[in-house]
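Order-wise, the sequence lines are chains E and Z.
Heads up, the final residue of the first sequence is numbered 234 in the working numbering, and it's a clean run with no missing numbers.
Heads up, the final residue of the second sequence is numbered 107 in the working numbering, and it's a clean run with no missing numbers.
Hints listed in this document are in silico derivations from the structure and should not be mistaken for laboratory results.
Treat the hints with care, as some may be off.
To be verified - Chain Z is faced by these chain E residues, among others (derived, beta-carbon under 10 Å):
hint, residue
1, K60
2, A61
3, Q67
4, H70
5, R72
6, A115
7, E161
Said to hold, decoys possible - Which chain Z residues stay away from chain E? Per the calculated CB distances, all over 12 Å, these:
hint, residue
8, D17
9, R20
10, E36
11, Q81
12, R82
13, S84
We put the beta carbon where it would ideally sit given N, CA and C, even for glycine.
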Amino acid sequence: MTEREVVLITGSSRGIGRFLVEHFLQRGALVEGCARNPIDWELPGYTHHHVDVTNESQVKAMLSSIQRRHGRLDIAINNAGIAAMNHALLMPGETAVRILNINVLGSFLVCREAAKLMRRRNYGRIVNFSTIAVPLRLEGEALYVAAKSAVEMLTRVLAREFAPFGITVNAIGPTPIETDLIRGVPREKLQQIIDSLAIRRFGTFRDVAHVIDFFVNPASDNITGQVLYLGGGG
Amino acid sequence: MTGLPISRIELSNLVIDSLRDILEQSDRPIPTNLDEHTLLFGKGALLDSLALVTMVVELEQRIEEQFGLTLTLADDRAMSQRNSPFRSVGALVDYLEQLIGEESGSD
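With the rest of the complex left out, here is chain E (with noise of 0.2 Å):
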């Protein structure tokens, strides 16, 4: 069994999730992520899966590939999502598919297969992600809130299902953080979410990051389904 620590990041090409694989890796750890595309760069300790995390078969071979190859993982992440901005009248029915899948569908298969291996050393840190946007019931993303807020119960209800193994399940609500995800809003309503905030700023990296090396420390191991939401907007 690999001695370093074993983490899983989704949908790790890019934005928030890329930032998480290097902050892993200065941490000592081996890195393993996914998205749904490859990607053109690489770096040393981390492995690149080519996977749709709404897609069964795809999510199980990458979690018996680490299985095979470290026969540990301690930390999922579970990054990968999507949004759409649209009025609810105008939102297509295949929009809303994707992204209930995405963010349900890929984060619970996900977390099980996850915890699958994590249970046979009776310790594993589940991080799901949710969003400020769930507490704000912000106009526009009612998809996306709707997906996110079952990210939430997911999250809280995994917590206890997988607590017997030693696994910690929780999530983070992140305000907005000047990424991909957030092309398509208009600035003034990125701005209004701000001005809805205790702390009146956009979200970083470095916050996400800093939550995240809370939840995952094994010193955490009595904290769990709990969403903590970021500027204090929740």
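Position chain Z relative to chain E; hints supplied.
Same frame as chain E, but now just chain Z:
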């Protein structure tokens, strides 16, 4: 049933070894004789629901690691069967033979 890539004895041993490990890990008493008549789940059986879940996952992983077969044991069909395939070691071995037969196209 013939032509399966795994013999019944191998499957039976796999189930019994997994059962023994699950009982050991959960600090439950291990009966002297574990065989195909051993009751797994239900009245007077060895496993509670959490231990059964663990057993199912453990078996899926061992079958994949030892025989390279990816099976899903707890699908909707298994859960809706009147005679649960998880009631005894023997019933589970029967069920594994059936699934492996379907997977390897030898049925």
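Next on the checklist: The hint names E161 (chain E) as touching chain Z; please verify it with the least Cβ-Cβ distance against 10 Å.
Outcome noted: 9 Å, holds
Checklist entry - Given K60 (chain E) as an interface hint, is the shortest Cβ-Cβ distance to chain Z below 10 Å? => result This interface hint holds because 7 Å falls under the 10 Å limit.
Item to check | chain Z contact restraint for Q67 (chain E) - C-beta distance below 10 Å | outcome: 8 Å, holds
Checklist entry - With a cut-off of 10 Å, does the beta carbon of A61 (chain E) approach a beta carbon of chain Z closely enough for the hint to hold? => result 8 Å, holds
Checklist entry - Would the stated hint for H70 (chain E) survive a check requiring a Cβ distance to chain Z of less than 10 Å? => result 14 Å, violated
Checklist entry - Are all C-beta atoms of chain E more than 12 Å from that of R20 (chain Z)? => result 16 Å, holds
Checklist entry - Are all beta-carbon distances from Q81 (chain Z) to chain E longer than 12 Å? => result Its Cβ never comes within 12 Å of chain E, the nearest being 22 Å, so this holds.
Checklist entry - Holds or violated: is the Cβ of S84 (chain Z) farther than 12 Å from all Cβ atoms of chain E? => result 21 Å, holds
Item to check | Beyond 12 Å from every chain E Cβ - status for D17 (chain Z) | outcome: Answer for D17 (chain Z): holds, closest chain E Cβ roughly 15 Å.
Item to check | Given as non-interface: E36 (chain Z), partner chain E, CB spacing beyond 12 Å | outcome: About 26 Å separates E36 (chain Z) from the closest Cβ of chain E, which puts it past 12 Å; holds.
Next on the checklist: Less than 10 Å between beta-carbons is the criterion; does R72 (chain E) satisfy it with respect to chain Z?
Outcome noted: 13 Å, violated
Next on the checklist: Please check whether the beta-carbon of R82 (chain Z) is more than 12 Å away from every beta-carbon in chain E.
Outcome noted: R82 (chain Z) is indeed farther than 12 Å from all Cβ atoms of chain E, at 27 Å.
The structure fails to meet hints 4 and 5 from the earlier list, while all remaining hints are met.
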